[in-house]
Amino acid sequence: MTVAPSAPLGGVVQVRGEVLSVRRVGAYAAITLLAPGVAERFRPGHFVALAIGDQSSSMLLRRSFSIHRCQERGVYGGTVEIVVSAHGPGTQWLASRRPHDPVDVVGPLGTPFALPKEPASCALVGGGYGSAPLFTLAERLRARGCRVDIVLGAATEERLFGVLEAKRMADSVTVTTDDGSLGIRGRVTDALPRVIERAATDVVYACGPMAMLRAVSDVAAGAGIPAQVAVEEAMACGIGVCMTCVLPVVGEDGVTRMVRSCTEGPVFRGESVRWADVGTVPADCLGAPVAAGGH
Amino acid sequence: MTVPPTVRPVAPHSADVPEPAVDMRASLAWAALPNPVATASGCAANGRELARFYPLSRLGAMVTKSVMLAPRSGRPTPRMAETPSGMLNSIGLQGPGVDAFVQQDLPWLKSQGARTIASIAAGSIDEYAEVAARLALAPPGTVTAVEVNISCPNVEDRGLVFACDPHAAAAAVAAAREATDPSIPVLAKLSPDVTDIVSIARACVGAGADGLTMINTVLGMAIDTTTLRPVLGGVTGGLSGPAIRPVAVRCVWQVHAALPDVPILGVGGVRTGLDALQLILAGASAVSVGTAVFNDPGAPLRVLGELRTALAERGFERLRDAVGYAHRALGDGADRIAPAVPAGPSLQDFAPDAEEAL
Ligand SMILES: Cc1cc2nc3c(=O)[nH]c(=O)nc-3n(C[C@H](O)[C@H](O)[C@H](O)COP(=O)(O)OP(=O)(O)OC[C@H]3O[C@@H](n4cnc5c(N)ncnc54)[C@H](O)[C@@H]3O)c2cc1C
Ligand SMILES: Cc1cc2nc3c(=O)[nH]c(=O)nc-3n(C[C@H](O)[C@H](O)[C@H](O)COP(=O)(O)O)c2cc1C
Ligand code: FES
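Chains G and V, in that order, give the protein sequences.
1 is the number of the first residue of the first sequence in our numbering; add one for each residue after it.
1 is the number of the first residue of the second sequence in our numbering; add one for each residue after it.
Derived from the structure by calculation, the hints contain no laboratory data.
One or more hints might be untrue.
Pair ranges (Cβ atoms, derived) [said to hold, decoys possible]:
no., chain 1, residue 1, chain 2, residue 2, range
1, V, Ala257, G, Val75, 31 to 37 Å
2, V, Arg320, G, Pro89, 41 to 47 Å
3, V, Leu160, G, Ser57, 34 to 40 Å
4, V, Ala100, G, Gly145, 38 to 44 Å
5, G, Gly186, V, Met221, 38 to 44 Å
6, G, Ser57, V, Ala70, 58 to 64 Å
7, G, His87, V, Thr195, 39 to 45 Å
8, G, Glu158, V, Leu160, 49 to 55 Å
This structure is a prediction, so every number in the text was calculated from the model and none was measured.
The beta carbon of each residue, even a glycine, is placed where N, CA and C say it ideally should be.
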C-alpha cells in the first residue's frame, strides 16, 4: 500500500486569536479559538503552538496542541479546536481562559498524516487526548472511501476522549481502559491485533503517549502493515528553529539522524523511529558521538 | 500642585500610522546593514523556517546557527527546560557541517535578499581555521560577516571553553581571521561566564577580531524535583531570554567603556524595542533577538519597529547617535537624561483625575 508523502514547511501564519469557548470534556478542556488563516491551511495531524500569557509573560516557550477540529468559515472567521489536558502552568493557564480572551496562535504546524492513494482499510488508535487529531483524519479517510476502525484507550473512562464522536463516524469502535471503567480492561495494543485481523487493516494511524506509539508500531510491524504515528516530544519553538524536539529516526537511506519532530514530524512512519533509543543519541547516528559541551 | 512627569503613554501603532523617520542604518565594522536588528545564532536555524513568516530581507541580518566542520548529532533529549523569563538549552551544536551549509544554505539566503552573518564553531584551533577556510569557498557576496562562537570546549585543553581563557580565545579568533577573506569582518562571540570580560575582549581584538558579539548563554542547570535528576540530557545548559538581559547590558557596557571603537553586536534577552535600546545605549551598534523568537516568530521585526519609535520619542534622528549614549549621559550631555519627547497628549488626557490621584 502506498501513502502519499507530504511536503514539510507548508504555509503557516501567526495570528492574534481569540477564545470563543472553553468546554469541559471528561478530564480535558476543549478550547475553540478564532484563528483566521489556520483552518484554511489545515490537514489532519497538524498542530498549533500557542503563546502563554501576554507579551511580558515569564513563560516564554509556546505550548503545542494537535488540532482537533477546524472550521474554515465560522460566523467570525476560521476557527480551531484543541483538547487540553491541564497539568502544568501553561496548560492550566489555557484551560482557565474565558471567551474573548486573546491567545497568540502559530499554525498549522508540522507534517500531517499521509493519506492512502486508494481506498484502504485504516485502523486509528488514540491514547488519552491523543485521539483529538484522529476525527478529522477519519472524516478525510471516509471521504476517500476508506474503511475506518477506531481504537481508543486511556487510564480511566474520564481520560478517554471522543468515544461518542468515534461511534458516529467509524465502522467499528473499540475502547480500552487500564482500570476497566469502560470497554475492555487493558491497553489499546491488547485490542489492536483483533481489529487488524477482523478489518483486514492496511494501515494503522496512531497518536498518544510515546510508549503507546512504540507498542502500536510493534503490533503493526508484526502484522506486516505500515503505521503512521504522531509523536509528542518537548518543544521550545514548534516552528523548527531551536532543535530541541529531536528524536532518532532512520531515513530512506538507512542512516539514522536526530530529526526535528516539529517540522519533519510530528507524524513519522512507525518503523522509522528508533523507539528504544529515544532520549539518547545512538552511536551509529549521523554526527555522533559528541564531545562534551557546546550548544 | 505636583507637576506630572514628562512621560506619556506610547500610542499603539497600526499599519496606517506612518513609521517615524529615523535613520536606522547600522554597521558592524565595515559591514553595512539597513537596520540594526538581527536574529541570534541557534535561534533562527538557517532562515528557511522564519522565511515562512516574513521576507528575510527585512532583517538587518540573519545570524545562522553555529556550524562546525563535520555533521553533528548534538546531545540527547531533553534539550530544554523553561525557567522564569528564560530557558535552558543543551542542543550540542547539532548541524549538517560546513560544506552542506556553504552549498545549500548560503546561496539560498542570498537569493532571499538576506544579509548573512555566518556563525562558526570548533573544538580545536585547527578546526576553527578549517571551518573558516571552507566557509571562504562560499560564493562571493553570500557572507556579510563571520561570527566566531568561542563558547565551545577546547578538545585539546581539558575541555576548557575557549571563551573563558584569553589565550585560547585569541588563538581561535586569529585562526578564523586568517582563514577568512580580508574583506569580510570577523566578530568574536564572547561568553559572560568569565571573571573579566574586558580582558577576553581585548585578547580577541588583539587577535584580529573586527567586532564582538555579546553575550552567549549563561551556564545554568535545573533539577526535576519529581525524578530527582537533572532535567537536561546534557545536565548543564545555557540560560537565555529576558532573564539574562541585565548580564548582557553589563557586558556590553563594560567592553564599550574599555574599547569604545570596537563595534558590538548586542545579544541577550531582547524581547522589545526598549530592550534593544538598552543594549544600544550601553554601546551595541546592532542587536540580535534570540529566545524571544521562540515566543514570537515575528519578534525581530516587531523589535525593529518598537526601537524606531523609541528612538524618535527620545529625539534621536539617527540610530548611530544612540550607540553608547548612556556612557555620555554620565558625564557631559546630562541634558539628555530627560528625553526630548516630541509633544504629545499629556497624562491628563489619559487619566482625567490624575491631579486628585497625585
Ligand atoms: C505535536 C504535539 C501535540 C500535542 N497535542 C496535545 C493535545 O492535543 N492536548 C494536550 O493536552 N497536550 C498536547 N501536547 C502536549 C502539550 O504540548 C504539553 O502538555 C504542554 O506543552 C505542557 O505545558 P505546561 O505548561 O502545562 O507544562 P510544563 O511542563 O511546565 O511545560 C514546560 C515546557 O515544556 C514543554 N513541554 C512539557 N511537556 C510537553 C509535552 N508533553 N510535549 C511537548 N512539550 C512539552 C512545554 O511546551 C513548555 O515549553 C502536544 C505536544 C506536542 C509536541
Ligand atoms: C536553543 C538555542 C541554541 C543556541 N545555539 C547557539 C549557537 O549555535 N551558537 C551561538 O553562538 N549561540 C547559540 N545560542 C545563544 C544565542 O545566540 C544567544 O547568544 C543567547 O541565547 C542570548 O540571547 P537571547 O537571550 O536573546 O536568546 C543558542 C541559544 C539558544 C536558546
Ligand atoms: S521545537 Fe524548535 S525545532 Fe522543534
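Results for each hint:
1. Ala257/V x Val75/G: 31 to 37 Å: Given range 31 to 37 Å: violated, Cβ gap about 59 Å.
2. Arg320/V x Pro89/G: 41 to 47 Å: Given about 42 Å between the Cβ atoms, the range holds.
3. Leu160/V x Ser57/G: 34 to 40 Å: holds (37 Å)
4. Ala100/V x Gly145/G: 38 to 44 Å: Because 42 Å falls inside the window, the suggested range holds.
5. Gly186/G x Met221/V: 38 to 44 Å: holds (40 Å)
6. Ser57/G x Ala70/V: 58 to 64 Å: With Cβ atoms ~39 Å apart, the hint is violated.
7. His87/G x Thr195/V: 39 to 45 Å: Holds, at about 42 Å.
8. Glu158/G x Leu160/V: 49 to 55 Å: holds (54 Å)
The structure fails hints 1, 6 (numbered hints given earlier, in ascending order).
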